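Engineer: For reference, the chains in residue letters:
2 protein chains.
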Amino acid sequence: MPELRKDPIVGRWVIISTERARRPSDFTRPREARRGTACAFCAGREGETPPEVLAFRSDGGLPNTGNWTVRVVPNKFPALRIEGELAPEGEGIFDRMNGIGAHEVVIETPDHNADLAQLTPKQIEGVLWAYRERLVDLQKDPRFRYILIFKNHGADAGASLEHTHSQLIALPIIPLYVAEELNGAREYYRHRQRCVFCDLVRQELASKTRLVAETEDFVTLCPFAPRFPFETWILPKRHGEAFERSTEREYRNLAGAVGDFLRRMNTVLDSPPYNYVIHSSPAGEPDDGSYHWHLEIMPKLTKVAGFEWGTGFYINPTPPEDAARFLRDASASSS
Amino acid sequence: MPELRKDPIVGRWVIISTERARRPSDFTRPREARRGTACAFCAGREGETPPEVLAFRSDGGLPNTGNWTVRVVPNKFPALRIEGELAPEGEGIFDRMNGIGAHEVVIETPDHNADLAQLTPKQIEGVLWAYRERLVDLQKDPRFRYILIFKNHGADAGASLEHTHSQLIALPIIPLYVAEELNGAREYYRHRQRCVFCDLVRQELASKTRLVAETEDFVTLCPFAPRFPFETWILPKRHGEAFERSTEREYRNLAGAVGDFLRRMNTVLDSPPYNYVIHSSPAGEPDDGSYHWHLEIMPKLTKVAGFEWGTGFYINPTPPEDAARFLRDASASSS
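Taken in order, these protein sequences are the chains called W and R.
When we follow this note's numbering, the leftmost residue of the first sequence carries the number 923, and every step to the right adds one.
When we follow this note's numbering, the leftmost residue of the second sequence carries the number 923, and every step to the right adds one.
Treat the hints with care, as some may be off.
Remember, identical chains collapse to one label, so a pair may be satisfied in a single copy or spanning two.
[Stated by the list, open to error] With a cut-off of at most 30 Å between alpha-carbon atoms, the simulated DSS-like pairs for lysine-lysine come out as follows:
#1 K1225 x K998
#2 K1225 x K1159
#3 K998 x K1159
#4 K928 x K1225
#5 K1044 x K928
#6 K1130 x K928
#7 K1159 x K928
#8 K1130 x K998
#9 K1130 x K1062
#10 K1062 x K1159
By construction, these hints were calculated from the structure, which means they are not laboratory data.
Small disclaimer: the values here were computed from a predicted structure and weren't measured.
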């Protein structure tokens, strides 16, 4: 059973993922993935994954058969386990609980050789709807306080499988970075009665120096104080706390904005490895007007090193104004 | 001039390091380092670095000449600049200030092909004394609130030069991770009138499950809730808030403990890339008995990915009890 453990000094929780327990030799002999080889996420091999929890099939076919466009399955090696109680307990100065949660994989296309940037806007929209359906379903489980949707693309960004996919982890604790955003936004709201993200979007649309692209419903921009070179956020223009309460038009427009950004990034940075995450209000939070969901994209270009691990400060060698200019000037057509 | 910028939502500061400003092509065409080639850190090439700020020479030779054992020079491409005022200013909802600070390199040996784990205890002790002297000197500058000593070993841990070295960055702000430790330790002390690190050392010495090694003055252990597989801390047994106020015997024994651990790690994990940092009380902090300096070592074995960047949670596939057992059972002789 995986465990959640809390650092007794700073209160940070970590997941000790015993289901993937690793011996030293697992680190020193890296797995070699054969590129371009069909895998368990490919069409026709549905029996090789755990049974699906969601799939979109235009022909109304049976579960775990072919003809799907997007398919969601439990992770075969989950970081957290779905069954059981948290059962928190102490051990001297230490705190632990069972590693209860959900860990699912969103297979974005049955095609092994496509990646998200190459999918049609309609296909990307399907991926976003899959995110939404899984969020709404998992939020019914009262054990889960937060559900993170994220994507690792490329081995250097932590993807262990080549076939394009996103992931979802449901947690029994609101994670630190989300809590910091919720608290920071609430504090700003308390002083000014305005959403900090709405103010940010207004200021960036006025100055344009960090703007990458703008559509009917979304703004793509490089944030003022980015941790990583070419870090980019996509924010809805309409104030909204939760991703899953977006409108149909917003999902359609977000699909366009995501594809547009990924293609610009691939042009400027030669298709780098990247991560993205969706930050959205937890289901149980009061809807007080202070928080604003958004998507954060981080190309993996530099190594995080001793200085960052020791301080929480980040050294970013590319001013976001420069990054935005390169991205703005780039072609967003498929490369 | 580099800039310090603050995220308007979570308050996190980043360094926009304009002195190293990078175009997209700098990321897409990685620098190739020729291995084993003499460099500006080698004996006899002292003129190729900025003038030294400290060096240990047994023969009392002139500055910037040969015959040194440890040498400290300003970083040629500093993340922060030593001259100037902070000059904080606002820009709408954003905050920035000049990137004032110090960035120095501690060259641990004149020998290009040695690494820290292969140095004699006496040589490692010299490196620790160099850390101490630079800390004491830089603490006299009232602009600097915190000085981090850290080491990146190996390209995957962020080292851009092969010749073994540590670094030191003096910051005008107490960084988040240090502030979290100071606050957490102070909170613990307020409730119990005891140092949390002293309690931790006591509990780990009693249980022994996460203990790696023990000497007269130091304990080497895998922490209960580590972010990374095989993460290890070295703590002084004697309560002390600041690294630079250690005794001569403690520096000697710490040199032994660091060398011992690095050799164990190299045996178990086949000489992995790694980072270490020294966490110590900032010079201006009240000495209230709550904080306890220590060294944190993080072998670089896994990729930090979307889940970690999105949550601040870490997934660690190796329980620290397993890591400690492998390290404890390993030979600490030179490999």
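Engineer: Please go over all the hints and tell whether each is borne out by the structure.
Structural biologist: Checked hints:
no.: 1; hint: K1225 x K998; in the structure: both (29 Å within a copy, 19 Å between copies)
no.: 2; hint: K1225 x K1159; in the structure: neither (33 Å within a copy, 33 Å between copies)
no.: 3; hint: K998 x K1159; in the structure: neither (37 Å within a copy, 43 Å between copies)
no.: 4; hint: K928 x K1225; in the structure: both (26 Å within a copy, 21 Å between copies)
no.: 5; hint: K1044 x K928; in the structure: neither (42 Å within a copy, 37 Å between copies)
no.: 6; hint: K1130 x K928; in the structure: between (42 Å within a copy, 19 Å between copies)
no.: 7; hint: K1159 x K928; in the structure: between (37 Å within a copy, 23 Å between copies)
no.: 8; hint: K1130 x K998; in the structure: neither (44 Å within a copy, 34 Å between copies)
no.: 9; hint: K1130 x K1062; in the structure: neither (41 Å within a copy, 42 Å between copies)
no.: 10; hint: K1062 x K1159; in the structure: within (28 Å within a copy, 49 Å between copies)
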